[in-house]
Amino acid sequence: MDGGDVTVEGKVTCASWIKRPENAHLVVIAKSNGTSSSSLEIFSFDPITTSLSTSPKATYVFEESGNAVCIAVHPTGDDFVCSTTTGCKLFELYGHEDNIKFVCKEFPLKDVGPQKCMAFSVDGSKLATGGVDGHFRLFEWPTMRIIVDEPKAHKSFRDMDFSLDSEFIASTSTDGAARIWKTSDGVPVTLTRNSDENIELCRFSKDGTKPFLFTTIQKGNKTLMAVWDISTWKKIGHKSLLKKPASIMSISLDGKYLALGSKDGDVCVIEVKNMEISSLHRRVHLGTNITSLEFCPSERVALTTSSQWGAMVTKLNVPADWKEWQIYLLLLGLFLASAVLFYVFFENSDSFWNFPDPSARPKIETVHTDPTSDDWSSFGPVDL
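In numbering that gives the first Met the number 0, the protein residues as written are 0 to 383.
None of the hints are false.
Taking lysine-lysine and the DSBU-like style, the derived pairs with C-alpha atoms no more than 30 Å apart in a straight line are:
#1 Lys-255 <-> Lys-243
#2 Lys-115 <-> Lys-125
#3 Lys-154 <-> Lys-262
#4 Lys-221 <-> Lys-314
#5 Lys-218 <-> Lys-154
#6 Lys-154 <-> Lys-10
#7 Lys-10 <-> Lys-243
#8 Lys-154 <-> Lys-243
#9 Lys-262 <-> Lys-272
#10 Lys-255 <-> Lys-272
#11 Lys-18 <-> Lys-100
#12 Lys-115 <-> Lys-218
#13 Lys-125 <-> Lys-88
#14 Lys-125 <-> Lys-154
#15 Lys-234 <-> Lys-209
#16 Lys-109 <-> Lys-18
#17 Lys-115 <-> Lys-10
#18 Lys-125 <-> Lys-109
#19 Lys-88 <-> Lys-262
#20 Lys-104 <-> Lys-88
#21 Lys-154 <-> Lys-234
#22 Lys-243 <-> Lys-221
#23 Lys-125 <-> Lys-104
Estimated spans, in silico, between C-beta atoms of each pair:
#24 Pro-20 <-> Ser-183: 27 to 35 Å
#25 Gly-332 <-> Pro-141: 42 to 50 Å
#26 Arg-281 <-> Gly-332: 37 to 45 Å
Because the hints were derived from the structure by calculation, they are not lab data. The beta carbon of each residue, even a glycine, is placed where N, CA and C say it ideally should be.
Just need the whole structure built from these sequences, with the hints factored in.
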């Protein structure tokens, strides 16, 4: 396991990847400075060394008091929303490489209070927020037209995720309840559970095949990973994987892997295809609750945060993916091999089929017993 720590002054509260062109991704980190103002810092990421830049590329210091709670980055990487203990702030990112800048813009959610969960839809057309007070809001983006405004959606939000087609939102509550919302009209469906079960974390499948919903279920001291059919919202199976309570869940952009962060600092990576543990990274945040967990947009690398150990990037021990250049190289090799085989076959085709050289073949003349046999006029009348 390779990893990199980010040394920052103050306590890290949350962090998120910012997807950028040519895989030059960034990381935004929110930190609390105790009695002084909190801040946001943006770092660059080096995929070769699996590390973040030693110093931030850009910094924003909050003018008012309050700490950052969570961050939601738009799929384009051009905007992100940060929830604080007082409300939400919208930031626009511009520039590139070593000239990164971001500015705070006017935003209608600046006074809504702390939002425990925020998420953009996969297509970037919607923004959903779930408050600590249980208030659920769904907006069109970027117009911020209200689609759903439900003050009593949950006791208090725990987790939230959009489906791949942006048609549904799954949300969970601190009291163990879970609901599914249609993004077109906001009609909710409540997932069924037993009285001794708490549905805690949720993620939709993202691989583009048959869609499922994954949730963690806490049943006493046992942590289960459950799979739900989204056509009926019925649970079709569950499995015990992490063996300990999970604090956070994430899914890779290609949908191949799920990741669970434990309350004592471990990271468990699950292969979705067979729902088996692919790798287990112990003591990533030794003895501390993992508060943020997110896959890198293009690498098998996870970004995690905790209050004690700050922000960390970890290279995951999973099978390597084929790179685009490797696929082209393989196709070129197959083409060259086919060309060589064709040439060898062509050069040896006569001997291969035992065909004699046409120039050495004897000349065969037709022998006729009657030179007039081909002359139809030599026949006389035929009596019938």
